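Asker: Single-letter residue listing:
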Amino acid sequence: MEQKVLVVDQQKCTGCRLCELVCSVHHTGSSNPSRARIKVVKWEHVGIYLPMICNHCEKAYCVEVCPTKACHREADNNNRVVIDKNLCIGCRTCIVACPFGHPFFDVQERVTVKCDFCDGDPKCVTFCDPKAVTYVDADMIQVAKKREAANKFIDSIKQLR
Amino acid sequence: MGTEYTHPIRNVRYLRPQKEWKEIIAIYLYLAGMGAGSYVIGTLLNWFVHPSRVLSIWGLPFDFAKAAILWGPILVAIGAPFLILDLGIKRRFLYACLNPRTSWVARGFLILSIFIVFGLILLAKSVLPFEWLHAESTFWYIAEVVTIAFAFATALYTGILLKATKSIPLWNTYLLPLLFLVSALSTGSMAIILSTLGTSLLSLDATALKILMGGEQILVVIEGIVLFVYLSRRYKASEQAKDSVRLLLFGEKKLLFWGGIVLLGFIFPVVLESISSLSHGNPVFIFAAGIILLCGGFFLRLGVLSAGIREQIPMQRLMEIKYELRTMKMKEN
Chain L
8 MEQKVLVVDQ QKCTGCRLCE LVCSVHHTGS SNPSRARIKV VKWEHVGIYL
58 PMICNHCEKA YCVEVCPTKA CHREADNNNR VVIDKNLCIG CRTCIVACPF
108 GHPFFDVQER VTVKCDFCDG DPKCVTFCDP KAVTYVDADM IQVAKKREAA
158 NKFIDSIKQL R
Chain W
3 MGTEYTHPIR NVRYLRPQKE WKEIIAIYLY LAGMGAGSYV IGTLLNWFVH
53 PSRVLSIWGL PFDFAKAAIL WGPILVAIGA PFLILDLGIK RRFLYACLNP
103 RTSWVARGFL ILSIFIVFGL ILLAKSVLPF EWLHAESTFW YIAEVVTIAF
153 AFATALYTGI LLKATKSIPL WNTYLLPLLF LVSALSTGSM AIILSTLGTS
203 LLSLDATALK ILMGGEQILV VIEGIVLFVY LSRRYKASEQ AKDSVRLLLF
253 GEKKLLFWGG IVLLGFIFPV VLESISSLSH GNPVFIFAAG IILLCGGFFL
303 RLGVLSAGIR EQIPMQRLME IKYELRTMKM KEN
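Residue numbers (our numbering), protein chains in the order written: chain L, 8 to 168; chain W, 3 to 335.
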């Protein structure tokens, strides 16, 4: 099965935080961005907005440190890393271990939660108008990067002419 | 007044350490370490000096000297619930106990549980006045060796738990378990000195107390050296480890480090113990030195915990560069 991943294009993000809102509505039923699985980091005075998402790392530290294996990889389901809420004890070791600061502690449910790709239909992608967050085949990331590099090269050639 | 643009990541005032593990975990690490260290020192004292002070309560002879030197497992038993207290869903702590092969948190549950159970049994055996319990046999000797091994494991585990978090470079070193082990032994030996101070429980073994005091002072000096090596090695390890050390030494944690760790943990105890030795072992100075040293041990754990800054990811570096470029542009305009 083709593996799909979430890709962030920071240049396109306008910092509207709609992704946070729809994420929290989808997962918790409440429009509370503090309970969302995606966080937009903003530096307003210089206009930098960065949506932070789970990378579902190949070598996931959160999986390594989880004492109950509530945090585990589903190899047959898009190779995603998910947290089983029924097994999580809320020790927050995974939050400390993640270099991306991704898993979040849900103060209402008292467990750690993280992005699960909304079971194959990420709401942050559906509702992101500028398409700053996309859900693409893992192989396509390299193609997109190469295309971007080629476009930059063409632009610089044009400028030289 | 113009807005001051301070770098969100690099500036010392904005260094962001982890906020998940705080005082409760520090208390847990501290009590577990001190209890285990005190048991190691107490058992060694028991093996080589055999202190004994039997007092009669309701006609039954209890050995209070043994109780004073082997009370470490009680401290660990008090400390262990603090880890449970920090959990999101406390009643699920057994899930971790049942999965010892999964992670160091789970292994820690097992190591501490075994140490507490064996330690309390041996404490009861040494203190209680039942003759059949005191029969010297290979079984009890093996039990003591196993328990002292688990006491060492408990003291080391407090450091290994943090070391297992690979994304925080300040913790990701073998020097941290070593530092916590030495600190556990120094605070543990001081806990024994305090528990016997003024009660004349070790008065029959004046040499034992002298050896204990000497050993404790040597351990404090070793702890200071290990702390220096640890911080200087971490300072050179990576950018974030350097940030952590800067945060601890010169940033917002400087009061905790210089006041709590250096002054309370090292300088005051050494000075007070020196004054005490000049005044022929004045117990007031030793008592003050002991309490201050124990506070220093706690602040050491709290300082290391609260200064842990995560490894930088490439995206953050990219953001830093973009941030710097835009700030420069804005200043030019």
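Hints in this document: simulated from the structure, not taken from any laboratory. Note that this is a predicted model, so its numbers are computed, not measured. Note that the Cβ used here is the ideal one computed from N, Cα and C, for glycine as well. One or more hints might be untrue.
Here are the simulated lysine-lysine pairs, BS3-like style, with alpha carbons at most 27 Å apart [claimed, not checked]: (1) L:K76 <-> L:K66; (2) W:K127 <-> L:K121; (3) L:K49 <-> W:K92; (4) W:K324 <-> L:K153; (5) L:K92 <-> L:K46; (6) W:K212 <-> L:K46; (7) L:K92 <-> W:K168; (8) W:K324 <-> L:K92; (9) L:K49 <-> W:K331; (10) W:K168 <-> L:K159; (11) W:K331 <-> L:K121; (12) W:K212 <-> L:K19; (13) W:K165 <-> L:K66; (14) W:K165 <-> L:K159; (15) L:K46 <-> W:K256; (16) L:K76 <-> W:K331; (17) W:K165 <-> L:K49.
Sample of chain W residues with no beta-carbon within 12 Å of chain L, all distances over it, derived [what the hints assert, rightly or not]: (18) I27; (19) L57; (20) L85; (21) I86; (22) R93; (23) T104; (24) A126; (25) T167; (26) V228; (27) F270; (28) S278; (29) I293; (30) E313; (31) I315; (32) E326.
Asker: Does each hint hold? Answer for all of them.
Answerer: Hint check:
Proximity of K76 (chain L) to K66 (chain L) is assessed by CA-CA distance (about 15 Å); at most 27 Å being required, the pair is judged to hold. Between K127 (chain W) and K121 (chain L) the alpha-carbon distance is near 49 Å, which puts this suggested pair outside the 27 Å criterion. Between K49 (chain L) and K92 (chain W) the CA atoms are separated by roughly 35 Å; this puts the pair beyond 27 Å, and the hint is violated. For the hint linking K324 (chain W) to K153 (chain L), the alpha-carbon distance of about 21 Å falls within 27 Å, and the restraint holds.
Pair hint K92 (chain L) plus K46 (chain L) holds up; C-alpha atoms about 20 Å apart against a cutoff of 27 Å. Taking the CA atoms of K212 (chain W) and K46 (chain L), the gap is about 59 Å. The hint is violated against a cut of 27 Å. Restraint check: the Cα-Cα separation between K92 (chain L) and K168 (chain W) comes to about 24 Å, which is no more than 27 Å; the hinted pair holds. Distance check on the hinted pair: K324 (chain W) and K92 (chain L) sit about 38 Å apart at the alpha-carbon level, beyond 27 Å; violated.
A distance of roughly 18 Å separates the Cα atoms of K49 (chain L) and K331 (chain W); the hinted pair therefore holds under the 27 Å criterion. The straight-line distance between the Cα atoms of K168 (chain W) and K159 (chain L) is roughly 37 Å, outside the 27 Å bound, and the hint therefore fails. This hinted pair does not check out: K331 (chain W) and K121 (chain L) have alpha carbons roughly 37 Å apart, beyond 27 Å. Proximity of K212 (chain W) to K19 (chain L) is assessed by CA-CA distance (about 71 Å); at most 27 Å being required, the pair is judged violated.
Taken as a hint, the K165 (chain W) and K66 (chain L) pair is honoured in the structure, with Cα atoms around 17 Å apart against an allowance of 27 Å. Only pairs whose Cα atoms come within 27 Å are accepted, and K165 (chain W) paired with K159 (chain L) is rejected, the gap being roughly 43 Å. Restraint check for K46 (chain L) and K256 (chain W): not satisfied, since their Cα atoms lie roughly 31 Å apart, outside the 27 Å limit. Between K76 (chain L) and K331 (chain W) the CA atoms are separated by roughly 48 Å; this puts the pair beyond 27 Å, and the hint is violated.
The hinted pair formed by K165 (chain W) and K49 (chain L) fails the criterion: a straight-line CA distance of about 31 Å is larger than 27 Å. Not every C-beta of chain L lies more than 12 Å from that of I27 (chain W), the closest at about 9 Å, which undercuts listing it as non-interface. Non-interface call for L57 (chain W) relative to chain L: holds, since the shortest CB-CB distance, roughly 43 Å, exceeds 12 Å. Residue placement check: L85 (chain W) does not keep its beta carbon more than 12 Å from all beta carbons of chain L (closest about 8 Å).
Distance to chain L contradicts I86 (chain W) as a non-interface residue, since its nearest Cβ pair spans about 9 Å, not more than 12 Å. The Cβ of R93 (chain W) sits about 9 Å from the closest Cβ of chain L, inside the 12 Å cut-off, so the non-interface label is violated. Residue placement check: T104 (chain W) does not keep its beta carbon more than 12 Å from all beta carbons of chain L (closest about 5 Å). Listed as outside the interface, A126 (chain W) is consistent with that label: its C-beta sits roughly 30 Å from the nearest C-beta of chain L, beyond the 12 Å cut-off.
For T167 (chain W), the shortest C-beta to C-beta distance to chain L comes to about 5 Å, within the 12 Å cut-off, and the non-interface label is violated. At roughly 23 Å, the least C-beta separation between V228 (chain W) and chain L is larger than 12 Å, which holds for a residue marked as non-interface. Non-interface call for F270 (chain W) relative to chain L: holds, since the shortest CB-CB distance, roughly 32 Å, exceeds 12 Å. With a least beta-carbon separation of about 41 Å from chain L, S278 (chain W) lies farther than 12 Å from that chain, consistent with its non-interface assignment.
Remark: the non-interface label on I293 (chain W) is consistent with the geometry, its nearest Cβ contact in chain L lying 31 Å away (cut-off 12 Å). For E313 (chain W), the shortest C-beta to C-beta distance to chain L comes to about 5 Å, within the 12 Å cut-off, and the non-interface label is violated. At the 12 Å boundary, the C-beta of I315 (chain W) falls inside the reach of chain L, the nearest C-beta of that chain being 5 Å off. Here E326 (chain W) does not stay apart from chain L, with its beta-carbon only about 9 Å from theirs, under the 12 Å limit.
In this structure, the earlier hints numbered 2, 3, 6, 8, 10, 11, 12, 14, 15, 16, 17, 18, 20, 21, 22, 23, 25, 30, 31, 32 are contradicted, and the remaining ones agree with it.
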